[in-house]
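Novice: Next come the chains, spelled out residue by residue.
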Amino acid sequence: MTQIELPKYTAKDFATDQEVRWCPGCGDYAILAAVRKVLPDLNHRKENYVFVSGIGCSSRFPYYMGTYGIHGIHGRAPAVATGVKAANPELDVWLVTGDGDGLSIGGNHLMHMLRRNVNIKVLLFNNRIYGLTKGQYSPTSLEGHRTKSTPMGSIDHPIHPISFALGVEATFVARCTDVNKGGLNILGDVLKAAANHRGSAFVEIYQDCNVFNHQAFFYATEKDTARETTVLLEHGKPLVFGANRDKGVRLNSTRLEVVSLDKVKEDDLLFHDETDPALAFLLSRMSHTQGMPEPVGVFHRIHKPCYEDMLTAQMNKAIEQRGEGNLEKLIHSGSTWTVGE
Amino acid sequence: MNTSATAANRQFATETLESAVIRFCGDSGDGMQLTGGEFTTTSAVYGNDVATFPDFPAEIRAPAGTLPGVSGFQVNFASTEIYTPGDKVDVLVAMNPAGLKTNIADLKGGGILIVNEDAFNNNNLKKAGYASNPLEDESLKEFRLFKIPISRLCEESLAETGMGAKAIGRAKNMYTLGIVYWLFDRSLEPTIKHLTDLFAKKKNQPELAELNIKALKAGYYMGETAEMFQSRYVVPKAKLAPGKYRQISGNEATALGLIAGARLANKTLTYAGYPITPASDILHFLSAYKNYHVKTLQMEDEIAAICAAIGASFTGDIAITASSGPGIALKGEGIGLAVMTELPVVIVNVQRGGPSTGLPTKTEQADLLQAVYGRNSECPCIVIAARSPGDCFDAAVEAIRLAIKYMTPVMLLTDGYIANGAEPWLLPQVGAMKPIEIKHATEFNGHSDDADGEGNNVYLPYLRNENLARPWAIPGTPKLEHRVGGLEKAENTGNVSYDPRNHQRMVDLRQAKVEKVAQDIPPTEIQGESSGDALIIGWGGTYGAIHAATERLLKRQQKVGTVHLRHINPLPPDLGDIIKRFKHIIVPELNKGQLIRIIRDHFLVDAVGINKVQGKPFLVSELVAEIEGIIAR
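The listed protein sequences correspond, in order, to chains A and B.
No gaps in the numbering here: position 75 of the first sequence is 77 in this note's numbering, and each next residue is one more.
No gaps in the numbering here: position 285 of the second sequence is 289 in this note's numbering, and each next residue is one more.
Only chain A is shown next, with the shape it has when bound in the complex (with noise of 0.2 Å):
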C-alpha cells in the first residue's frame, strides 16, 4: 500500500463526538488514550482501522475511536473481527476485550482466533473482575477473592493470560500496564510492537479496576513498588530489575530463580529469547506473590502466514487454476440432458 499521500493524523482524529462513560479514574481511560496517540505514529489510513469488541467495560472502547467499529455481543468479537479481516484482509483491525469477555464467555473464540493467526491485535484489559455486572469475581481472580458472588471467597484457579496465549500457539504475546509510575511506562511500545507484527498480537493490559477491584495491580504499576514487583524482558538481554538494577532473574535446572547481582554477573542471567516458546511459558508463570518479578513486554514474537492471506491466497489460486468461475459453466455442470419441445 503506498502511503504518500496520507494525511498527517493527531490523537484528535481518532476520537468521536461520544461522551466517554468510564467511571472517573477507570484504567481504562489510560489505555484509550494511549491508543489515540499510537495509532497517528502508524502512519496507515484511519479509513482502514476497524476496531471490534465484545461486552463488558472495555468493550465500549469502540464507540469512543473515531474509525470504522463494531461492538458485538458477549464473548465473540474474535469471531465477528475474524470475519472482517477475511472480507478485507488489507483493513487494520483490532479487538478490545476483557478478562471475562475474552477468557470466560469469549475463551474458545479468542484461542482460535490466536491459532489461526489471523492478523488482528487483541488488547485485554484484565482487571481480574466483572466490572459492568457490578463486581463478580472473573477467571482470572485471585483464588480466596472475596466478591459478591464468592462471599465465602473463589474457589475458582484461576487462569493466567499469557500462558493461555502461549498454550494456543499466539505468535505475538506481550503484557503492559495501564499506567506506570515506576518509570516502566511501556505501553505505547508494546501496542506499536503488536501492530507492527504480522499476525494475531496478543496484549495482556493490568487494568485498574478502581471500583470493584481497586489497587488489584497497584504492585506492578506504583512508584515504590513498580521496579520490585516487574521485570521488562528485552530479547537478547539478561532479565535485571529493582530500584537500584541489583537483581535478576537465573535459569537453574528447570525453575527461574531471583539471584542477587551482588553474588551473579549478568552473564549467568537468564537472557530473553523471544522465539522460544518454552522459555516464554516459564516466564508466563512467574508472579509477585512468589517472590519473582512479574515480566513486561514481549514474551514471545514468532513469524507465521496469516489466515487471511492463505485464505485469499487459495481463492486466488483456485482462480489461476480452474479460471474465473463463469455462472453459466457452473449451473451446466455435471451430467446434463435435455428434453427437447
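Simulated from the structure, these hints should not be mistaken for lab results.
From a predicted model like this one, the values you see are computed outputs, not experimental measurements.
Note that the Cβ used here is the ideal one computed from N, Cα and C, for glycine as well.
Just so you know, not all the hints are guaranteed correct.
Claimed, not checked - Partial list, computed: chain B residues near chain A (C-beta under 8 Å):
hint	residue
1	K248
2	K299
3	E304
4	R487
5	G532
Using the hints provided, position chain B relative to the given structure of chain A.
Specialist: Below, chain B without anything else, positioned relative to chain A:
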C-alpha cells in the same frame, strides 16, 4: 447396449409402466446411497422425471447387520411429472435380513423383492430378530421374491481380477445395480462414466474403477442369462418442460444459488459454517467453488460462524451461514446482533428432527417458529422457505436479494428431505437473472445540527431509504467511519441511545422494514380451485406430497385449492383474501402445528392442521385421506 443384450430382449415380455418406485436397502457400509444415486442419475439422463428419498442412520457405520444400521435409498422414476419419491415401493432390493425387516412393510402386494440370499445366514437373521429364515417360510408369499446369491456370484465373476476379498465384497452393490439396470432396461454408460471419474480420476485407483465396472456388467448379464425374471419393465421418457436439465440435490442447489446471488451482486461470498448434519454439504460444495470468489471459513462453533458472517457483512461481502436446528439455536444471539446492526446476512436452516440432537438424519419442519420468533425480544427476521431440491436455488438467490435490499438478516428454511433428495432441475437462464444492485455509501448523507453552512457534512448510518433500509458504508471508505453494535441505536445517527421514545421508534422501524418485504411478494399462485371447500396451505419441503395430493383430490372432484408459501415472514399480502374464499383452511406440516399458529394469528381463522412428526415426509395417500376427512366433517 450390445447385441447380445438386444438378442436377449426378445426372450422376455416387456411391460411398460408409467412410473416405478425402487428402494435399495442394506447395511450403511453396503453402498446403498451410491447405488440409489447412480440409478437416479441414469434414469434422469434417460429422460424420466425422478424424485428421491435417501434415508440413512446418524451413525457412520452402525454394527453390521443390525436394524439401526440399515441405510436406504428410494427413487421414484416416471414418464409423467412426479412430485414425491412415492408412498409404496414397487421393487425392494434388500442386501441383508435387517434391510428386509425394516423395509418390507412398504413393499406393495405383488411387488418385486430382490434379496442377497447369501446374507441370510443365522448370524444376520439373529441380528435382525428373525426367528426363522423369511426366505424359507411363507411370510413373503405375497411378493415376487427373487433369491439371488449376490455375494457368491459377484465374487465368482471377479475372482480372476486378483483383487482382495474386501474390494470384491464391496463391489456387490454394483453387481446388484447391474441386475436392476437389466430389469428396467437401462444403459450402463452413465454409471461406467461416473465410476471411471470417481475411482480412476479423482482417487487415482483405476483398478477399483475396473473392478466395479466389471461387477456392474456381471450383474447385468446375470439378469439376462439366469432366466430368473419373466419380464422386463420400461418406464418411458417423461414429457417435461423443454430445456436443459440436470439432477440436483437441495443442498447443492442451495450452494449454487448462494454463489449465483453473490455473482449477480458482483461480490465475494464469505461463508462461515460449522459442520452439522444435514447442512454440512453446503459447506463442502461451496469449498469446492472457490474460483467463484468464494471464501469458506470453517469456524470453531456455530456462534463463531454467525459472528464471522456479521463481520464479513459489515466489511461488504455477501455473508452466509448455514446450520440445522440445534446450530440455529446457538446462533440466536448473533442473529439478533445482525437485526440490530441492520446488516445483510443469510442464515440457512436445513431442518432436521428435534428437539435437542433429535433425529439428525431425518426430516422435520419444526423450526418455523424458531425462525420467526426464536430470539430474545422484538427481533423480526425475513423468513422464506424452499419447496423442492431445485427450488433451493431460486430461494437462495431470493434470500440474498432481500437481505441486501432491506439490510437485514434473512432466514432460509430447507429441510433434510429436500436437502438430500434430488430431482431433475430445469436449468435457469443466467441471462434472464436480474443483477443484484449494491450501492455502498461513499459520501456524507446528513447535516449535523451544530454545524453551520449548507450541504451534507456527516454520515448517518441509520438514515433510511424508501424501503426503510439503512446505507451500507464499508470499512476502507474515507470519512464515513462509524460504529455499529448491539446496544440500541439512535435513529439516523446510530449513536447509543437509551431514550424510551427512540427505542419504541427503532423497534417499530425494524418491524416495519420486515413488513415492507410484502411489496416484493408476487401474487399467490393457487393450484386447483380458487374458491371452494378447502384451501390447503403448505410451506417448504412438503410441496411435492401436497401438490400430488391436490392433483388426486381434484381428480376426485373435490373443490380444493392449494397455495404453497415461499414467504412466511412476512406472509403474502393477498393470502387473507384467498383464505376468505374457502370453507375449510387446512395446514399440513411435519410438526405439531407451527405455520397454522401464524395463520390463525394473522387471519383469525379456524384452520385445521395435519401434523406428522416421524422423521419422514408425508405420504400422498395419507394427505388425501386426511383432507377428505376434514372436508366431510
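Novice: Does each hint fit the structure? Answer for all of them.
Specialist: Each hint, compared with the structure:
1. Among the interface hints, the one on B/K248 holds; its C-beta lies about 5 Å from the nearest C-beta in chain A, closer than the 8 Å criterion.
2. At its closest, the beta carbon of B/K299 sits 6 Å from a beta carbon of chain A; the interface hint therefore holds under the 8 Å criterion.
3. A hinted interface residue such as B/E304 counts as satisfied when its beta carbon comes closer than 8 Å to some beta carbon of chain A; here the least separation is about 4 Å, so the hint holds.
4. Taking 8 Å as the C-beta contact cut-off toward chain A, the hint placing B/R487 at the interface holds, the least distance being around 4 Å.
5. Residue-level restraint check for B/G532 is violated (minimum Cβ-Cβ distance to chain A is 26 Å; threshold 8 Å).
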